[in-house]
Each structure stands twice: as C-alpha cells, then as structure tokens.
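The listed protein sequences derive, respectively, from chains A and B. Position one of the first sequence corresponds to residue 1 (UniProt numbering), numbered consecutively onward. Position one of the second sequence corresponds to residue 1 (UniProt numbering), numbered consecutively onward.
If you are wondering where the hints come from, they were derived from the structure by calculation, not from laboratory data. These numbers were taken from a predicted model, which means no experiment stands behind them. From the three backbone atoms N, C-alpha and C, an ideal C-beta is built for every residue, glycine too. Misleading hints may appear alongside valid ones.
Per the computed footprint, the stretches of chain B lying under chain A, defined by three or more beta-carbons under 8 Å from a beta-carbon of chain A, are [what the hints assert, rightly or not]: (1) 96-109; (2) 225-234; (3) 477-487.
Label pairs and their calculated CB-CB ranges [said to hold, decoys possible]: (4) B:Ser723 with A:Asn122: 28 to 36 Å; (5) A:Ser522 with B:Asp659: 31 to 39 Å; (6) A:Lys18 with B:Lys436: 33 to 41 Å; (7) B:Asp547 with A:Ala197: 35 to 43 Å; (8) B:Ile309 with A:Arg72: 54 to 62 Å.
2 protein chains.
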Amino acid sequence: MTKTQELNPNSPVFDPVKFLKRERDASTIKKDEINTFLESNPEKRDLTHLIIDQIVNDPVLKSDSDYYDRSRPEEREITVRKINKMSLYMEHDIKTVRKQFRDKDLIQELQENSNSIRPLNNKDLSIFNTRLSLVHNIDPQLGTRIGVHLGLFGNCIKGNGTDEQIKYWLQERGALFIKGIYGCFAMTELGHGSNVAGLQTTAVYNPDTDTFTINTPDLAASKWWIGGAAHSATHSAVYARLVVNGKDYGVKTFVVPLRDVSTLQLLPGIAIGDIGAKMGRHGIDNGWIQFRNVVIPREFMLSRFTKVINENGKVSVKTEPLLDSISGYSALLSGRVNMVMDSYRFGSKFATIATRYAVARQQFASAPGQPETQLMDYPLHQFRVLPQLALVYLVSPSAHKLMNTYYTTLDELYQSSSSNGPVDKASLAIVTKKLKNLFVESASLKATNTWLISDLIDELRQTCGGHGYSQYNAFGRGYDDWVVQCTWEGDNNILSLTAAKSILKKFGDSVSKGKFDKVLDSDAFSYLEPSFISSAMSGSTKFDLSDEPSKLYQYTEVWGVALVKLLAHVGKLIRQTKNIDNVSKFLVLISKFHAIHSMLKAYYEKLSSPTDSYVSDKATKEVLWSLYKLFSLYFIDKFSGEFQQFKTFNSDQIAKIQDKLLTILPEIRKECIPLTDSFELPDGMLNAPIGYFDGDIYNNYFNEVLKNNPIEADGPGKPPYHSLLSGMLGRGYEFDARLGGAAKAEVLSRLSK
Amino acid sequence: MTKTQELNPNSPVFDPVKFLKRERDASTIKKDEINTFLESNPEKRDLTHLIIDQIVNDPVLKSDSDYYDRSRPEEREITVRKINKMSLYMEHDIKTVRKQFRDKDLIQELQENSNSIRPLNNKDLSIFNTRLSLVHNIDPQLGTRIGVHLGLFGNCIKGNGTDEQIKYWLQERGALFIKGIYGCFAMTELGHGSNVAGLQTTAVYNPDTDTFTINTPDLAASKWWIGGAAHSATHSAVYARLVVNGKDYGVKTFVVPLRDVSTLQLLPGIAIGDIGAKMGRHGIDNGWIQFRNVVIPREFMLSRFTKVINENGKVSVKTEPLLDSISGYSALLSGRVNMVMDSYRFGSKFATIATRYAVARQQFASAPGQPETQLMDYPLHQFRVLPQLALVYLVSPSAHKLMNTYYTTLDELYQSSSSNGPVDKASLAIVTKKLKNLFVESASLKATNTWLISDLIDELRQTCGGHGYSQYNAFGRGYDDWVVQCTWEGDNNILSLTAAKSILKKFGDSVSKGKFDKVLDSDAFSYLEPSFISSAMSGSTKFDLSDEPSKLYQYTEVWGVALVKLLAHVGKLIRQTKNIDNVSKFLVLISKFHAIHSMLKAYYEKLSSPTDSYVSDKATKEVLWSLYKLFSLYFIDKFSGEFQQFKTFNSDQIAKIQDKLLTILPEIRKECIPLTDSFELPDGMLNAPIGYFDGDIYNNYFNEVLKNNPIEADGPGKPPYHSLLSGMLGRGYEFDARLGGAAKAEVLSRLSK
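All chains should be modelled from the sequences, with the hints used to inform the complete structure.
Here you go:
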C-alpha cells in the first residue's frame with residue numbers, strides 16, 4: 001500500500017475513474033462553445049487559456065499542495081518571489097499590446113516620458129490585468145499584494161492626481177511596471193473603516209515651507225490593515241484631513257514616502273508594525289502605520305479636484321465639488337468590479353472540485369450486492385451542488401459586462417475631466433450619472449456575489465464530507481481567503497444599503513414623477529420603467545415559467561416584478577414609520593434581488609444573442625438554458641417567503657416551482673461533468689486532488705497527503721514529543737507516591753497527633 | 001504612540017469604555033439569576049465557575065493570543081502538554097466525586113480492581129466530563145484529542161465490550177484515567193464515512209491459533225481521519241468485517257494495539273501516517289492506518305453482543321441481534337450530545353465578543369458635530385446580532401436537557417443489558433425505544449445547532465468588520481475549528497434525513513392508526529399527539545403571538561403546527577411520487593423545525609417552572625421571555641416561505657410578525673451587555689481583545705497585535721526577504737539590457753543580414 005500500491009482498478013468496490021470517463025463519453029454537448037460563452041468571446045477565451053497555461057507551468061507562479069503547509073514567513077517570502085516574476089510579465093504584456101519588442105526599449109521610453117510616446121492607458125494594461133485576475137484565482141494573496149499596489153495605490157493616484165501627477169508616479173517612477181517604487185493604500189484606520197469621512201490622520205499645510213505635516217493624533221487614528229505596509233511599500237497613498245490655516249477641508253489624498261527605496265529602511269517619523277495573524281491570505285503583509293510630524297512637499301497632495309494654492313504667501317484652497325465627490329468612488333470601484341469576476345472564477349474552481357468528487361464518490365448501496373450509489377445520484381446531493389454550479393454560470397456574463405462598463409465609463413470620465421484644459425460640463429454630467437449607476441450596479445453585484453460564493457464554498461465543502469475538511473482539497477484555505485471579500489472595499493451590508501437607497505430613489509422618481517432615463521437606466525434598471533411598474537403592481541403580468549423558447553425572458557422578468565413589489569412594500573413602510581433605518585433588512589434584500597435580476601438579464605441577453613453567445617449547438621444551448629432556469633427557480637424557492645408575502649406567487653405556484661426544480665436537476669446532472677470541464681481549469685489551477693480531471697480521487701488524494709507528510713525520519717510513529725506522552729502513560733499507580741507518600745494513612749495519623 | 005501611548009480617555013472621538021460602563025450601570029436585571037438559569041442549576045453553575053477559573057489560571061491550560069500564531073508542530077506538542085495536565089485533573093476529579101483523598105490511593109484501588117471497590121461509573125466522571133466540555137470551549141483541539149480517547153475509544157468499548165472487557169481496558173489498564181494506554185477510534189476509511197456497514201477492513205478468525213488477523217485489503221480501506229493515530233495512540237478501536245469460516249458477519253469492533261506503550265514505536269504490520277493540514281484543529285494528530293496481517297487474540301474482539309465461540313475446534317458466532325443494532329448508536333451518541341452543549345458554549349463566546357464590540361464601536365455620526373453612533377444602535381446591526389444572542393440562550397436549556405436524558409438512558413441501558421446474567425427483555429424494550437428517541441433528538445439538535453452556530457460565527461465575524469478578520473479576535477480560527485462539527489460524528493444532512501424519517505414514521509402512525517406513546521413521545525414529539533395534529537390540520541389552532549403571559553406557549557406551539565403542516569405536505573408528496581429521496585430537501589427542514597420546536601419547548605418549560613428557572617426577578621424574567629419570543633419570531637420570518645406555503649400564516653400575519661420583531665429588538669438591545677455578561681466568560685476564555693470585559697477595544701486589540709508582532713529586530717520595516725524586493729524595484733530601465741542588449745536595432749539589423 002502506501003505510495004506504491006494503488007487502488008485496484010478492477011476492485012468491485014469503487015469505480016471513480018470509470019465513472020468520469022463514462023459521463024464524458026456519453027455527453028454530446030460542446031464544451032468549446034460553452035467555454036467561449038463563459039469567457040465572453042474567442043479573443044478573451046484564447047488569452048485566458050494562454051495565461052492559465054503560463055501560470056500553471058511557471059516554476060515560480062504555480063501552486064502545489066505545499067501551498068497548504070507553509071508558515072507565514074514562508075508565505076510572505078514566496079509571495080514576493082512571485083511578485084518579482086509578475087513584474088517581468090508586466091513589461092512583457094505591455095510590449096505585447098503595443099507590439100514593440102525590438103530596438104528602443106518600450107518601458108524605458110515610457111519611463112523617460114518622451115513626448116514622442118503615447119502615455120500608458122487601460123488598453124496597454126489589458127493583458128496584465130487579465131493575468132492578475134487569473135493569478136488571483138490560484139493564489140489570492142499574490143493577487144491582493146499586487147492589487148493593492150496597482151489597483152488601490154495606482155487607482156487612488158489615477159482618480160485623484162493631476163495628469164502630471166499620474167504620469168510622474170505611475171509611469172516615470174515605474175509604479176505601473178512594478179518597479180522603482182511600491183505603493184500601499186493607507187485609507188482605513190483602527191477607528192474608522194466604512195466612515196471614510198471620519199478619518200483622523202491630519203495633513204496640516206505649512207505656508208512657510210510650502211509643505212504638509214502628516215500626523216497620527218490618536219491611537220485610533222493609526223492606519224490599520226494596510227496591505228503591503230508591514231514589509232514592502234516604499235510609498236503610501238494616505239487619506240488625511242486637509243487642514244489649511246486652521247480650517248479642516250475634510251479628507252483628501254497624499255503621496256507619503258515610507259521607506260528608502262534601496263534599503264527599505266523606514267523614513268523619519270514613520271512607525272510601522274505587522275498586523276500579524278489573519279483568518280486567511282497570510283502572504284499579505286498587512287501593517288499599521290503611525291505618522292509623527294512627517295513632512296512632504298505640497299506637490300505630493302493629489303490635486304486633480306482640490307488644490308492648495310500659495311501665491312506669494314496668500315494661501316487658498318480650490319475645489320471642484322462635483323468631481324471631488326466622484327473621486328471617492330474611483331479607488332475602490334476597480335476592486336469591486338474585479339470581485340465580481342473573482343466570484344465567477346472562485347466559484348468555478350469549487351464547483352468543479354465538488355462536482356467531480358460527487359460523481360466519483362460512491363456511498364451506500366440501494367440494495368445488497370449492488371455497487372454503492374454515486375453521491376451525485378442522490379436528489380438531495382443534486383439539490384446541494386447543481387444550483388451552485390448554475391450560480392457560477394450566471395455570474396460570468398454579468399462579471400464580463402460589468403468589467404466592460406467599468407472600463408468604458410472610466411475612459412469617458414478621463415476624457416471629460418482632463419486636468420489640462422477646460423472641463424466639458426455636458427458630457428461630464430452624463431458620465432457622472434453613468435458612474436453613479438455603475439456604483440449601484442457594482443455595489444449590488446459585489447455584495448451579493450461575494451456572499452453567494454462564501455455560501456457556495458461552505459456548502460460544497462460539506463458535500464465533500466470529511467475530505468472537504470482536509471486542507472489539501474482547497475475548501476478550507478479557499479474559504480478563509482475568500483470571505484474577506486465580504487468586508488473589504490466596502491462592507492457588503494453598507495454597500496447593499498447604499499445601492500438599495502439609490503434604487504429606491506429611482507423607484508420613487510418613476511412612480512411619482514414618471515421620471516425614467518431611457519438612455520441610461522433602461523439596461524440595469526429596466527424594471528423601473530413606469531409601464532413595467534404599473535403592470536407589475538396591477539398584477540397583470542402573469543408568469544407560467546414554461547419551457548417555451550419565446551417565454552424564457554420570464555425567468556428574468558419575474559424578478560423585476562418581485563423587485564417592484566418589494567420596493568413598493570418598503571416605500572409604504574417608510575411612509576408609515578418615517579424611519580428608513582428600520583427597513584434596512586428589506587433594503588439589503590432589494591440589493592440582492594437587483595443583483596439576481598441583473599445576472600439573469602445579462603445571461604439571457606448573451607445566450608439569446610445571435611452574435612454574442614458563440615453557442616450554435618442546439619443541445620448545448622438547451623443545457624445552458626436549463627442552468628438559467630434552475631438559477632431563477634432555485635432563488636425563487638429560497639426567497640419564497642418574499643415571493644408569497646408580496647404576492648408575486650401564491651403557495652400553489654410555489655409548490656409547482658419546487659416541482660419544476662426537481663425536474664430540471666436530473667437534466668443538468670446528466671451533463672454535470674462536461675459542464676464543469678467547460679470551465680477548462682487545469683489540475684494546477686484547482687490544487688485539490690479530489691477534484692483532479694482524471695477522477696482518481698483516492699490515489700490522488702492519498703499521494704498528495706503522503707508527499708506533504710512523509711513518515712517521520714526518526715522512526716515512524718514515534719512523535720517528536722514522545723517523552724511527554726510516554727511519561728504521562730507510564731506514570732505510577734499512586735498519585736500520592738508521586739507526591740512523596742505524605743497522604744498515607746500511617747503518615748496522616750502521625751500528622752494528626 | 002505604540003505601546004506606551006494609549007487612546008486618550010478624554011478624546012471626543014471614541015468612548016468605548018464609558019459606553020460599556022454606562023450600559024452596565026443602567027441595567028436592573030439580575031445577572032446571577034440568569035447565569036444560574038443558563039447553567040441549569042446552582043450546583044452545575046458553581047462547578048462551571050470553579051472549573052473555568054482553574055482553566056484560565058492554569059499556566060499550562062490557559063490560552064493566550066499566541067494561540068493564533070503557532071505552527072502545527074508547536075500546536076501538536078503544546079496540546080500533549082495540556083493532555084498531560086488534564087490527566088492529573090482527571091485523577092483529582094474522580095477523587096473529588098468519591099470524596100477519597102487519603103490513605104489508599106483511589107486510582108490504585110480502581111486499577112487493581114479489587115472486589116472491595118465499586119467500579120467506575122458515569123457519576124464518578126461527572127466533574128471531569130464538565131471540565132472536558134469547558135476546556136473544549138477554550139481549546140477545541142485539546143477537547144477533541146482527549147475526547148477521541150475517552151469519548152470514542154472509551155465509549156466504543158463501553159458500548160460493545162463485555163463488563164469484563166470494559167473493566168479491563170478502561171479501568172485496569174488505566175485508559176479512563178488517561179494513563180497506561182491511549183486509544184483512538186478507527187472507524188472511517190478513505191472510502192467509507194457515513195456508510196459504516198460498507199467498511200472494508202477485515203478481521204478473519206483463525207481457529208488454529210484462536211486469533212484474528214486484521215488486514216487493509218485496498219487503498220480505499222485505509223483507516224482515515226483517525227484522531228490520535230498519527231502520534232499518540234497506543235491502541236485503537238477498529239471497525240472491521242468479522243469473517244469466520246469464510247462467512248462475512250458484517251462490521252464489528254476490535255481492540256488492536258498500535259504502538260509499544262513505552263517507546264511508542266509502531267508494532268509489526270502497522271503502517272501509520274499523518275493526515276497533514278486541515279482546515280482547523282491543527283493540534284489534533286489525525287492519521288491514516290493500514291493493517292497488514294496484524295494478529296490479535298480472539299478476546300480482543302468486543303463481545304457484548306456478538307461472540308465468536310471456539311469449543312474444541314467447533315467455531316460458531318453468537319449474536320444478540322436487537323442489541324447488536326443498538327451498539328452502533330452508542331459510540332457516536334456521546335459526541336452528538338456534547339456538540340449541542342458545545343453549540344451553547346461556542347455561541348456564547350462569539351455572541352459576547354460581537355455584542356461588546358457593537359456597543360463599544362462607533363461609526364458614522366447622525367449629524368455633523370454629533371458623536372458617531374454606536375453600531376448596536378443601528379436597527380440592521382440589532383437584526384444581525386441580537387437574534388444570534390437569542391439563539392445562544394435558546395440552546396442552553398435543550399443542551400442540558402439532552403445531556404441529562406443521555407445519562408439516564410445510558411444508565412438504564414446498562415442496567416437492563418448487563419453482560420453478566422440474563423437480559424431483562426421488558427425493560428430493554430422500553431429503553432430501546434428511549435434510545436431511539438434520543439437518537440432522533442440528538443441527531444436533529446446536533447445537526448441544526450452546529451449549522452446555526454456556523455452561521456452565527458460567520459455572521460458575527462462580519463458584524464465586526466475588518467477587525468473580525470484578524471485572527472486575534474477569535475472568529476477565524478473559531479470558525480475553522482467549529483465547522484467540522486457539521487461533518488463528523490454523523491454528517492448533518494444524513495443525520496437530518498434519518499431524524500426526519502423517524503418523525504415522519506411517527507406522524508404516519510399517529511395520523512393513520514392513532515398510535516402515539518403518551519409516556520415516551522409526549523415530551524419531544526408532543527406535536528404528534530393525534531388531537532394536536534387534527535386541530536393543526538383543521539386550522540382551528542389560532543395564534544395571536546401576543547405578550548400575554550398565559551399565551552407564551554404559543555411561540556412554541558406555532559412551530560408544532562408548522563411541523564404538522566410540513567409533515568402532511570411531505571407525506572402527500574411521497575404518496576404522489578412514491579419516492580422519498582425526492583423530498584429530501586423537506587426532510588432536512590423537518591429536522592430543523594423539530595429542533596427549533598424542542599429548543600423553544602425546553603426553554604419555555606424551564607423558564608416557566610416555579611422550581612427550575614431560578615429566576616425570580618420580574619424584569620429579568622421579562623427580558624428572558626423577550627429572547628424567547630425573538631427566537632421564535634426570527635425563525636418564523638426566516639422560514640416565512642414555508643409558513644406561508646403551508647398556510648400557518650398568511651402574508652399579512654407575516655408582515656405583523658416582522659413588525660413585532662422590530663419592536664422586540666430595541667428592548668433586548670437595552671440589556672444586551674448584561675445579557676452577554678451573564679454568560680460569565682472571563683477574558684481568558686474569550687481570547688479576543690475586541691470582546692474583553694472592559695470594552696477598551698482599541699487599546700486591548702493594539703496591545704495584543706504588538707505583543708505577538710514585535711518590531712523586527714534587524715531594523716524596523718526592512719523585511720527578511722529585502723533583497724527580493726529591492727532587486728525588483730531597482731531593476732534597470734531596459735529589459736533588453738538585462739538580457740545582454742541583443743534586441744537593439746543595430747544588433748538586429750546585423751542579425752538579419
């Protein structure tokens with residue numbers, strides 16, 4: 001046995017490998033078409049394949065099962081080794097986009113910032129951004145550690161800096177190429193997280209020296225949770241209160257150097273410590289920072305929207321209020337958008353592992369002498385696993401769509417708000433509206449999906465029984481790494497409330513004033529169209545949720561009706577109680593329903609599009625529609641309380657929906673292996689032996705355990721702390737004897753004399 | 001700042017300490033009475049206080065924040081150090097129960113097993129069992145590591161061994177005193193978990209030598225997840241197929257020695273390895289075991305119910321079928337019962353931490369210039385935290401009640417099924433029924449509560465924002481340690497299905513045959529009483545869920561009605577489809593509803609009892625009733641889909657229940673600090689600085705972080721892997737130059753010639 005002996009392939013007991021093969025052989029659906037559908041289009045699909053292939057074969061970047069056995073110091077160091085490697089890919093990726101691999105070095109030209117060369121833009125970073133998103137899937141701590149530098153530090157400068165400041169810090173100094181300087185994002189403090197406007201760190205302007213002095217006035221003002229601060233960052237984007245002539249102008253952003261770039265020694269006035277043990281993502285060097293009279297030049301304030309001007313000693317502060325308020329969105333927005341994509345990728349990983357295990361694993365025979373039943377053949381198991389698979393499918397189109405909207409909206413914003421030259425007020429008004437919609441959409445999708453994926457990981461781990469609790473099968477660490485997504489870059493509850501309040505406001509405008517922006521709102525907020533609202537409220541919209549192709553949009557629309565009814569109920573409650581806080585529970589629900597509606601709509605539109613679905617095979621399309629229906633029905637059943645309470649459905653209809661659910665599950669069960677194969681995740685991306693492609697669950701798992709836990713060198717079975725155990729087991733009969741025998745009757749009698 | 005500077009106590013920004021003090025000062029409820037209520041009675045309360053006091057002050061047993069920073073080898077060793085200490089407490093505790101501290105050493109007498117001394121029984125172990133349960137709360141891995149030895153190995157022998165075998169292994173050999181031998185419980189295999197009857201390990205009887213040979217026939221038959229196997233166990237209770245004369249008699253239990261008790265070297269034919277990294281409980285040495293022709297004497301088979309008899313070469317197998325089937329219950333039952341108690345204790349810990357944090361933490365001001373609002377004053381926050389607090393309160397009475405039922409039923413079983421002398425068939429029939437009911441009750445309560453506490457930890461972690469993700473605040477490790485409770489000792493879904501099928505059967509008997517056991521079923525299954533069923537089905541039971549004292553039982557009864565309606569629906573579905581597997585989702589729900597009903601009933605009965613509640617203060621009782629109502633209403637709202645679908649309530653009634661929920665929350669919010677103080681958990685038990693008693697959240701948290709992460713010795717801020725970072729940041733402009741310059745135009749032109 002042990003390593004050399006394998007599971008007998010002819011054993012009558014279990015048949016894992018044959019099961020997976022059999023299911024693959026029996027399938028007729030087109031995995032290639034599905035993968036193109038999931039990856040948005042052929043170009044993105046090819047790029048994704050190419051990058052994944054590089055990652056799992058790169059000796060530095062690949063993750064192996066030893067990932068689950070490392071100490072924190074090891075993780076920290078290995079993560080930097082990986083960043084180092086990623087920095088080289090970064091240069092390579094930019095050159096690939098610009099097709100410049102010869103003669104003058106492109107990166108050098110960009111850093112020298114000669115006029116002959118176009119500055120970097122989002123398109124130049126598109127390959128690397130995809131690479132970063134994919135690497136996050138195999139090693140979330142690596143993704144974050146780079147993401148904080150590029151995404152948070154970088155976007156803070158992009159969102160708040162002047163064009164010159166952006167070019168200087170990100171391009172000339174090399175930050176965007178992960179060289180020269182390394183940034184962190186010093187927003188949150190020990191005492192303030194969600195309430196950014198309440199941050200306490202101060203930046204006081206000194207007119208004499210034309211500088212700011214940065215200070216941490218109180219323990220609670222210590223910058224806290226700052227990723228990259230403990231060990232890597234040379235610079236920080238600091239959120240601090242701008243104080244000029246004793247007047248507090250609120251929280252603005254400043255670039256504050258932390259460390260000597262060559263020795264990494266802390267600069268004067270900077271105190272930094274390690275945050276220490278976290279629930280997950282141990283490879284991120286989160287730290288705290290305290291500033292004591294740290295002086296920076298005035299020019300280090302990011303001044304796109306707010307400037308301190310010193311004209312011969314006459315100091316003034318100039319602000320563009322509208323834009324200043326937008327700037328708050330920008331740094332965190334990218335993270336939220338990316339987390340929706342992460343939801344798809346993380347979900348696909350765990351759905352693949354759990355589905356393959358459920359098909360390969362047998363437990364309990366239906367009758368004596370029969371082979372034991374595959375877990376996936378139990379209806380309860382199908383009910384636990386397959387809706388999660390459907391969820392992953394449903395995230396994908398909305399994640400890609402949100403990402404596209406993000407990039408196009410940001411481009412429009414930069415075009416209309418250049419810091420050089422006049423602001424184009426008309427187009428700025430439009431882009432501001434778009435940005436606000438994007439904020440609502442990303443908040444609702446980020447919060448809802450990061451929650452749903454937490455639940456998915458937890459539920460799917462449980463479907464793998466004890467083997468799901470082994471760290472080598474990815475669920476434990478995956479969960480611990482994942483769940484911080486529900487808290488950071490906007491706490492999910494706060495985001496949900498904010499999104500819901502905007503939706504409620506739009507609802508009110510539509511109902512009371514017939515106000516509805518057909519250009520900007522008809523996509524994400526189609527259910528707020530006045531005529532839709534009135535037909536939903538009057539109950540004239542009927543749903544039979546049939547399988548007729550012409551009625552498939554019903555599965556989306558029914559959520560629009562549910563939303564309208566929920567919004568109307570909440571509106572009534574607020575009018576009655578005059579207290580919006582009291583309906584918070586329902587507000588969170590509005591955001592969830594909105595996200596579900598958006599996901600269904602994006603999926604419906606993509607799959608029914610003659611040009612964008614890339615799915616031509618009929619049987620394949622059929623299965624993809626089944627997933628869509630399953631998702632909609634599963635969540636109707638899950639929220640059947642609200643569907644009944646607000647009279648979208650009555651109890652008989654709910655019972656029919658539950659019936660229908662039970663008929664769809666076996667259809668999807670038949671194709672569940674091809675449907676997870678279609679994610680095209682190589683074993684190196686899964687890093688979980690019970691989920692490997694070949695389905696050889698027992699041999700794969702045993703071998704990974706053995707590889708990471710070789711028999712002890714000093715004699716198998718004898719633990720290093722042997723003496724503690726043998727001393728305990730071998731201790732004498734008499735406790736008293738071990739104390740010297742002073743409790744013996746004879747002694748006690750003498751003692752009592 | 002750093003360690004020396006403290007949060008300014010006069011700072012206008014935050015007021016954590018004063019808030020907690022103020023809420024305590026304003027409270028009028030009697031914490032002592034509540035604590036007695038929660039701990040069941042004054043005797044148990046005093047014992048609990050005494051033991052907790054010992055644990056948090058014992059230099060070996062106490063847990064500090066360094067608990068969160070240890071490597072796996074450190075955890076393993078420290079855990080054994082703690083077991084060592086617990087073994088001494090064990091002797092002490094038995095002597096305390098028997099009041100024998102002088103003259104002849106009690107433990108020696110018990111081990112010598114002289115006829116003059118009464119053998120050990122459950123009462124002798126009562127103090128130690130409480131100690132073990134409490135220590136599990138501060139260090140779950142320690143609890144488990146001892147629990148496997150005493151609870152699983154010990155109970156397997158107690159449940160399956162003859163009186164002589166029990167006395168020998170547990171008393172003479174010292175296992176019950178944690179000396180002499182150390183046991184593990186080798187049930188699950190790589191290929192079989194829930195399906196115990198399908199285990200593959202074989203024990204073949206050899207008539208020639210009157211021995212068994214134990215073998216692992218296949219990789220999938222490797223014993224897997226065996227706690228204590230990797231490093232500590234000298235003996236194992238092995239589940240293996242009994243094969244006599246070529247006939248397979250199914251899975252029986254055997255004591256198989258694994259290691260030399262003095263050197264801990266593995267014995268011949270035993271191969272053992274470490275299971276390695278787990279999601280949590282790293283201090284447990286879970287291992288795998290493979291047996292290759294391991295020979296044990298026939299007498300090592302545990303033979304209370306099945307015996308192999310060799311009379312002069314004539315070999316036969318004698319089985320007591322009824323009792324043999326019961327024996328399957330016994331080993332895992334204790335664990336399940338204990339997990340309900342764990343649910344109360346774990347829940348109380350996290351409810352305390354999150355409640356204190358929510359009262360101490362302020363975020364967002366309601367108006368400019370106002371102090372920021374305490375988190376707990378937000379209705380959404382109340383909705384997220386307070387029902388979890390109510391849950392913890394509701395677990396307690398049912399946990400104590402289940403524990404009592406367990407001990408009395410087991411005692412009755414031993415009395416009626418002694419292996420010496422004739423079996424008392426009449427009383428055995430009764431105790432068998434009781435045992436089956438206990439199985440249903442413990443399965444439903446174990447599954448439901450371990451799930452609910454998983455959700456509680458997750459939800460409450462999120463209410464603490466980023467600080468909840470810090471390992472030092474207990475949630476992360478707490479969750480990882482906890483969730484295995486949903487899988488082991490009976491997977492929650494399997495347990496729920498089994499419990500529900502029994503309940504459904506009872507329901508069928510009651511409806512169709514009017515069969516209802518007034519003596520045995522009227523407690524846990526009161527809702528199955530025929531007249532209750534018919535009034536529930538006819539809709540004649542009306543609920544106004546008012547605050548009238550005489551109507552408080554309604555909050556329990558409404559769940560009985562919901563259960564009846566759910567059972568009726570499920571019965572109908574099964575009749576229609578002839579397939580019980582298809583209704584599995586509803587079966588799981590039956591088990592959940594049953595558990596909720598049991599918890600409400602136990603709480604109601606205790607609190608309304610003139611003798612057992614120990615709560616005489618009116619205001620105190622009022623608050624305790626509010627928790628009861630909150631629990632019932634919260635879960636009605638949560639399951640409002642089923643309450644409406646099966647017509648327990650209509651949508652207007654659900655809306656009223658939601659209203660009522662919102663009026664109860666602020667009542668409990670007022671007393672939330674005293675209500676968590678009443679758990680009387682010292683800081684050393686919480687091990688989470690944001691939850692410490694004084695409420696000084698920022699200073700406490702900062703100091704723990706600093707203690708565990710002192711500034712690096714070789715220069716603050718300069719990481720050990722400095723060269724990897726500075727090399728990356730300082731790399732030259734030109735990528736090509738780093739490759740030797742071969743891509744320059746001039747070189748390329750030469751190369752193309």
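Looking back at the numbered hints, which does the structure fail to meet, lowest number first? Hint check: nothing fails, all pass.
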